[in-house]
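Quick one: dock chain against chain with the hints and give me the complex.
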Amino acid sequence: MQEFTFTIKDKNGLHARPAGAISSVAKTYQSTIEIKCGEKTADGKRLLSVMSLGAVAGQELHFIIEGKDEENAREALFTICKEKLGENDK
Amino acid sequence: MINKSTLVQGIGITNKRVSGRLRFINKEKSTDKKSTIYNVGTELLRLDEAIKRAKGKVWELEKRARELVGGNEAQIFEIHAMLLEDEDLNELIIAEIKKGKSAEEATRLATKHYERVILELGDEYLSGRASDIRDICTQIIDALSGNEKDSEQIDGQYILVAEDLTPSQTVLLDKSKILAIVTFGGTPSSHTAILARSMGIPALVGTGKIDYLLNGSYALLDGAEGTLIINPSETQAEDFEKKRAKENKIATEHERYLRSLMNKPAVTGSGHKIMIYANIGSENEISGALSNGAEGIGLLRSEFLYLEKNSLPSEEELFSTYRDIAIKMGGRRVIVRTLDIGADKQIPYIDMKKEENPALGLRGIRLCLGSRDMFKSQIRAILRASHYGRVAIMIPMVISVREVIAFKELLEECKRELSKKGIPHDSKIEIGIMIETPASAIISDKLAKEVDFFSVGTNDLTQYTLAVDRQNSSVSGLCEENHEPILRLIEMASREIHKQGGWIGVCGEMAADLSLTEELARIGVDELSVSVPYLLGVRGKVSECK
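Sequences listed follow chains H and B, in order. Those letters in the first sequence? Residues 1 to 90, by the numbering used here. Those letters in the second sequence? Residues 1 to 546, by the numbering used here.
Extracted from the complex, chain B is given alone in its bound form (with noise of 0.2 Å):
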């Protein structure tokens, strides 16, 4: 029904070009079912967006059905267009909502009594008719949440899109199934931007919103002009393949060079050696970590088990996890990061209040010290995997030696208990903080007494001390041209520690940074952790350093 050329503008990142489907998600469930409103004109207001929604994705269905098996099947989509049309029902909902019900539970109301209607009519063929009306219920009810089913499955791979994607969303996601990502809000620091460079796959950020009726559609995204065709024109297309097929000879050509250096030490025209890492999210991606030649992992992500699940993953299966990567890295070091989540990265099942401020809330570190039986399961967990390879623990959001020692504790506690069980462990595992808040910075001298490494993670580090919101598009920018707070803060961490004799790696953002990779060396950092798909040219970067 949409069917001329659509342009949508946004903020690319990675700079590939890919076609396919679009298919949009919505938001995550809200799991409070209301029935009980605040407001009778915001529940009139998304009940009128409801019906429309719902009402645009059944021409759609319409239209699907028409082409698929004739006019004759899809009449019955027409129908559920006009019962979502009807006057009767309509006025029964808003009856309802104005009698205080909120917008689903008065749908649910009306459309009972037009089920009871029609069954007590007592005819078996417009009996029938009564599971339209359902349908019916279904879809509005659907629409007011922001969850209507995937009707139509897309096969094979799509492009995502979506208002925005929540961490546990991505994590859930099947991602090889994924072309591309679109959201209509974001930044290039966002969680969406993150995943989309962890996985190599361009995408677009900050797009504003898109008709839903576009589901489903054909177009060609370009990350590096940061541009969207929807139902693109054949000159369009024409224009698009043309700069592809280029961009993909320059790439090819670019990783055979890269790929020559891939099993050589990555090392600066003065000396200095620096351990490419890979930071990964899951199992899954070990295998690409090794075949781009990670020497280690610099950042696990330990999340990703904690937010496949609906309940509290057990010690066990916690271990049988972190064992297997820690065999498949045969004997490469594995930095295991402790449980990260916060008001802004929750976890269904574990009950977290909602805060004004997250990023300034209890998260991180301070969340597991408060949360003892979780977190020494999980030490625990990660204590035995160390046997099987070269693991080490690391602890996120750190801003006072306090933490540390509170942490150490815990963890020689763990050992004490391995140990009485005689299950073995390496009881001289590393320990390692993440510096991500500028106190940790500030009192690195301190930490460095504490801890065998550092990492820094430049994500939260650059949003604590410039104050920016990296999810806030109107001044995320202002992290870009502003490097030098954050590298002083690395610079001054680096020193410390390499007088403990220790080591400090980089494991955000920055580290893929090529173009800071050069005062990244000078400071003095040992590693770059990177995501899989930034590895190999890293490390083509640290060889070309003075």
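One chain only, chain H, in its complex shape (with noise of 0.2 Å):
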């Protein structure tokens, strides 16, 4: 098993769009890729499941990721979160 514990930084929190980016990596990975926020936990691999966490700036995001390729997983998943879920210098 992986973790990992990311915060939110983009002032939008997990809009569409990083939530978006974030269930399309999580898609191209076999292990199960458990996402929990607060009280709520999603499937990462689905989109619907990720924009319902509601998450917004400032909140953790805990990645818990279990499966063959889950060291791969953590590793795509953590730098999409930095890329899309960092500072927001717009």
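None of these hints come from the bench; they were simulated from the model. Virtual Cβ for every residue (Gly too), placed ideally from N, Cα, C. Some clues are possibly wrong.
[As the list claims (entries may be wrong)] With beta-carbon atoms standing in for the labels, derived distance ranges:
| no. | chain 1 | residue 1 | chain 2 | residue 2 | range |
| --- | --- | --- | --- | --- | --- |
| 1 | H | THR41 | B | GLY208 | 45 to 51 Å |
| 2 | B | ARG64 | H | LYS11 | 29 to 35 Å |
| 3 | H | LYS27 | B | GLU49 | 19 to 25 Å |
| 4 | H | GLY86 | B | GLU85 | 23 to 29 Å |
| 5 | B | SER131 | H | MET1 | 34 to 40 Å |
| 6 | B | SER131 | H | LYS11 | 35 to 41 Å |
| 7 | B | ARG64 | H | LYS27 | 22 to 28 Å |
| 8 | B | LYS4 | H | LYS27 | 24 to 30 Å |
| 9 | H | PHE4 | B | ARG64 | 35 to 41 Å |
| 10 | B | LYS4 | H | GLU75 | 49 to 55 Å |
| 11 | B | SER176 | H | ASN72 | 57 to 63 Å |
| 12 | H | THR28 | B | SER233 | 31 to 37 Å |
[Unchecked claim] Okay, the calculated bits of chain B under chain H, using three or more residues with CB under 8 Å as the criterion:
| no. | region |
| --- | --- |
| 13 | 74-84 |
| 14 | 308-318 |
[What the hints assert, rightly or not] One side of the interface only, derived from the structure: several residues of chain B facing chain H at Cβ under 8 Å:
| no. | residue |
| --- | --- |
| 15 | GLU87 |
| 16 | ASP88 |
| 17 | LEU89 |
| 18 | LEU121 |
| 19 | ASP132 |
Spelled out as structure tokens, the structure:
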């Protein structure tokens, strides 16, 4: 099992585009990917599920990845989070 | 996304070549909003198909957006595509279908659920995303009803692509924008083909299904060869242009010759004069008819005034249009055929029962005699217009003397009503009937005594005589080489009407078939009525006849 936590910095929160990016990356891996945010849990591979977390800036996303390719998945997901939910420079 | 050249083969109507962008239109909206279903399996299949189509559409939009405004803005369509693929949403829709909901209803319920979930998050920015979900819902439902919006407007003219065109659709189309028509189904004598001929544009029918994703693609349509090349290669395009240039040159020379004959009467070598009239389906075609030498209107399909509207046109509306046509034709004969509708040519606001066999059902004069008020209002409008020109009235689908007498009684009744109010009309208006059933030709001796003229509707006469459905491509070919039975019936009717001092015309497709002109002249046909693009050709052919 792999885990990591990422704090959302983008002031728009986990909106449709980053959610889309995360779930499309997640879908490319066999491992199960769970995202926890507060009391809610989402299936990382499902866009609506991720969007439904309603995560806003400052909240923490907790990723739990389990499966054959969990290490690669962790790295890819962490990268996409940094890229899409990092500081919003706009 | 699909850019390789695709060749589609069909049956070409008119020998022209055109190039342009394809525009797909869908079947008419189904008016019944279904909420319950027949069969879960079918509904699941429909859903599956609809989602695929909606996704195709979204990717297409994404591609266009990327080209137009760049990748950042286009991302939203990527999100839409992902939403369409989303398992949670799909599973919820499927669950609703399994509960007995229709695919439409299930989609509405499922998307509503997620819309609410997102709105309840209370985050302002995310709430905006609820609209994306609504958008998805609309797209799936539109795809389900085969009713996608034209999100991409094609500027200018286009090649229309449709599964099939219904008569009412063809009326509502903006014809000035159509370069050519392509239909998946249909035969050379289907509505589409007739429309294309009357517009003088090429058409390709019976192509089989063409992928909706090709909407908006550039294509070359060759009516002579019956081909459509979508996304042509450079060599294909050059080859096409060469053929087109050559064809245009020949066409121009021939037209110059025909134009020189335009104002001369059409007389055969043996001295038989034939009037060349135009078939029109709306007022807009008059200027074309006149500039191509029409000596009259042999068939005014009066349905257009009914099809254009959402309710029954009033007598005043009908009158003013007929009057304008009579005036524009300036004393030339205008034959108004009374309303010819039936279960296969429906008018949405007239309640017509679905029929097993509409060709043999309640249509034409049968329907009109049963809808007295509607029919009388049309008859009065025609009578009133007759004061402003030379108007004749003609009834379709006659099979008995009784029908003609019933019609004449109504006509007299209308005349009396108008006279009482002092409204001017031609009290001796010419009366004609369509000869389009074998019955009417067989009893033409009796019918000839009741009317001033006959006009042969060869399309229906062929279908009823040969027992061949002209919309059915597996048998419609049988009509092509089997003219003799039809010609014999026309000859019979011609003999009888002439005995009574009347005259006979032909207004069906056969009138425009130049290989039959000689024979029709020999039979003694007095008038040939054809759609506008054929006027010059038919006139030219008559003068070449023996």
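Here is how each hint holds up against the structure:
1. THR41/H - GLY208/B: 45 to 51 Å: The hinted range 45 to 51 Å holds for THR41/H and GLY208/B, with Cβ atoms some 49 Å apart.
2. ARG64/B - LYS11/H: 29 to 35 Å: holds (30 Å)
3. LYS27/H - GLU49/B: 19 to 25 Å: Taking Cβ atoms as reference, LYS27/H and GLU49/B lie about 23 Å apart, which means the hint holds.
4. GLY86/H - GLU85/B: 23 to 29 Å: Given a distance of about 26 Å, which is inside 23 to 29 Å, the answer is holds.
5. SER131/B - MET1/H: 34 to 40 Å: Distance hint for SER131/B, MET1/H holds at roughly 37 Å.
6. SER131/B - LYS11/H: 35 to 41 Å: The hint (35 to 41 Å, Cβ to Cβ) is violated, given that SER131/B and LYS11/H are roughly 20 Å apart.
7. ARG64/B - LYS27/H: 22 to 28 Å: With Cβ atoms ~25 Å apart, the hint holds.
8. LYS4/B - LYS27/H: 24 to 30 Å: holds (28 Å)
9. PHE4/H - ARG64/B: 35 to 41 Å: Once the Cβ atoms are compared, 38 Å apart, the range 35 to 41 Å for ARG64/B and PHE4/H holds.
10. LYS4/B - GLU75/H: 49 to 55 Å: violated (38 Å)
11. SER176/B - ASN72/H: 57 to 63 Å: Since SER176/B and ASN72/H have Cβ atoms about 59 Å apart, the given range 57 to 63 Å holds.
12. THR28/H - SER233/B: 31 to 37 Å: holds (36 Å)
13. 74-84: holds (count 6)
14. 308-318: violated (count 0)
15. GLU87: holds (6 Å)
16. ASP88: holds (5 Å)
17. LEU89: holds (6 Å)
18. LEU121: holds (3 Å)
19. ASP132: Holds, about 6 Å.
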